[in-house]
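Engineer: Each chain is listed here by its residues.
Protein chains: 2
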Amino acid sequence: MRIALDAMGGDNAPYEMVMGAVEALTRESDFEVLLVGRQSEIEAVLDAENPDIDRERLPILHAEDVVGMDESPVDALRKKKDNSISKALGAVRQGAADAFVSAGNTGAAVGGATLFWKLIPGVKRAGIAVPLGTRGNSSIVIDVGANIHCKPRHLLHYGMMASIYCEHVLGQENPKIALLNIGSEDSKGNTLVKETQQLFEGAPLNFIGHCEGGDIFEKKADVVVCEGFVGNVVLKVSEGLAETMHSQFEEIVGGHVSNDENVGMAQHIREFRRATDYAEIGGGALLGVNGICIIAHGRSGRRAISNAISLAAKFVRAEAPKKIEAGVDALRNE
Amino acid sequence: MRIALDAMGGDNAPYEMVMGAVEALTRESDFEVLLVGRQSEIEAVLDAENPDIDRERLPILHAEDVVGMDESPVDALRKKKDNSISKALGAVRQGAADAFVSAGNTGAAVGGATLFWKLIPGVKRAGIAVPLGTRGNSSIVIDVGANIHCKPRHLLHYGMMASIYCEHVLGQENPKIALLNIGSEDSKGNTLVKETQQLFEGAPLNFIGHCEGGDIFEKKADVVVCEGFVGNVVLKVSEGLAETMHSQFEEIVGGHVSNDENVGMAQHIREFRRATDYAEIGGGALLGVNGICIIAHGRSGRRAISNAISLAAKFVRAEAPKKIEAGVDALRNE
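These protein sequence lines are chains H and R, in that order.
One point on numbering: in the working numbering, the residue at position 202 of the first sequence is 202, and numbering is uninterrupted.
One point on numbering: in the working numbering, the residue at position 197 of the second sequence is 197, and numbering is uninterrupted.
Don't read these hints as lab results, they were simulated from the structure.
Heads up, a few of these hints could be off.
25 Å max Cα-Cα, derived BS3-like pairs, lysine-lysine [to be verified]:
#1 H:K151 <-> R:K194
#2 H:K188 <-> R:K151
#3 H:K188 <-> R:K124
#4 R:K118 <-> R:K322
One chain only, chain H, in its complex shape:
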């Protein structure tokens, strides 16, 4: 198995990307990572930091251009033909890699994957699915920003696709799907929510009804479906608040550990940070395209990248796209 990594994408590229690839290879042995980007820059990191790593498991595919984080995706993909995102997506399409991971420009990754790989037959819009919550207690939220002009059928497909992710990639049996709403009663909600609810109720899925924003963290459902604008706000609010609470925590509690000469506490503090750290998650999965595309946070460091690569490997092992295609077919024949 081979995972193509956009070595030039993200705020900390290529350094943390290459280091993340090395970390993933060290942890798991059944795949290679294809590093896509400027060969000399990638090799410089490997030479300096990992001279002993087995280079056969870290092939490089040179790409001269880099898509900037804030660049217009459409312009970038059109003008920078030799960019690392397009090159990596091409490698997957040609069978030279089995999945794609990027911490780069999200719009370019989503747009590129949709353009070069096409959507799975029957799917009208791709969506990004991200697990949110604390360790061991998270729900998958879909869509977190790929599609802000959602129709009820897009949301139905999102629920089904994330349910397959949950079941086959994460091993969660018969995942529960809920629709994000602003109250648990059926009378609540906007038109999109009400129309989508009717579709879910008529579909062969384990739909449990509505859930509210706070329920995401109580795992009331395994999959929480919402349109991309709302989902993106949920994602950013969660990340922002978690970060703010971490800073407050460091300021108020963390800084006093050494003063108090309490070394045992330092361990608990590290554990708390880890349990509530979004970097543990690895990334979002773009569902609905003909291929596996994991989108990591722009600020990803090596740990987040290695987790994103591991997540991509799980998708490959589970043959997720094939199962999603069968799922869409099943919904169509209802």
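With chain H's structure known, arrange chain R on it following the hints.
Structural biologist: For chain R alone, coordinates are given in the frame of chain H:
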């Protein structure tokens, strides 16, 4: 000054409501609290817990009916004529009280205030404004769920009204207003956001453009404007995540304090909880109605209620409704 409190609203009514009123009176001396609800139940709490309190500052207005937390607001207001929410709203309308505080059924409080007090001339929809963030670092988010069928003009008024709240009630000079979006570039966002942005850009307000979900906690803006569905999700996600992080914190760090024989740490832990606790906030303000209405969380305990009462008193001192009326006028004459 007299604040009318719905003594029967909320999960912990009437006990915590009455205790919250007592706490507020003990803290501040320039107002009375009119306790609205079942006289015998209210008196039982006062007799048992606060026999020495000055009853002249705690008058009671009897109301026989109670609106259930999950009851349909429309049905409840129509059928239960003698309910504590309607009675308290009536007291304010007749001048027997200057503001209303409730932790009860939000729909009934919003619907009742709109019905009995009417909207401020020129305002088309009332909105709920809630400060979100950690202590000393919060933005006011409006609307968090009063109006899920928002038009650009509603959002413009929300921004203006919350700006007056910020300036005159919280003492923040020339508050910055931002529109919640899923990216900071102008090209991003749905139709509602794009149309609303144009209105803000043409208005005499300190509009600074877009902000993302995470920016709420970094105080990029003093006021963050969004439609009620999104805002309600933001509120619930924030509360839910903060609660989850507190539990994780207690489980991982808090429980080890005594084991580690570290008493100094206990103080920091309490401080962290307080700094990131949503009960500190007190409640949301319903803006756009002819009167002052503070909506506290259904789970409010005495501290949240006393803070909500203090917030109501600040609105009265600032003569906020009059200033909002002038603000709407100014926008109309643009």
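Engineer: Decide, hint by hint, whether the structure agrees.
Structural biologist: How the hints compare with the structure:
At most 25 Å may separate the alpha-carbon atoms for a hinted pair to count; K151 of chain H and K194 of chain R meet this at roughly 20 Å. Restraint check for K188 of chain H and K151 of chain R: the C-alpha separation of about 19 Å stays at or below 25 Å, so the hint holds. With a CA separation close to 21 Å, the supplied pair K188 of chain H and K124 of chain R stays within the 25 Å bound. This hinted pair checks out: K118 of chain R and K322 of chain R have alpha carbons roughly 14 Å apart, not beyond 25 Å.
Comparing the model with each earlier hint shows no violations; every hint is respected.
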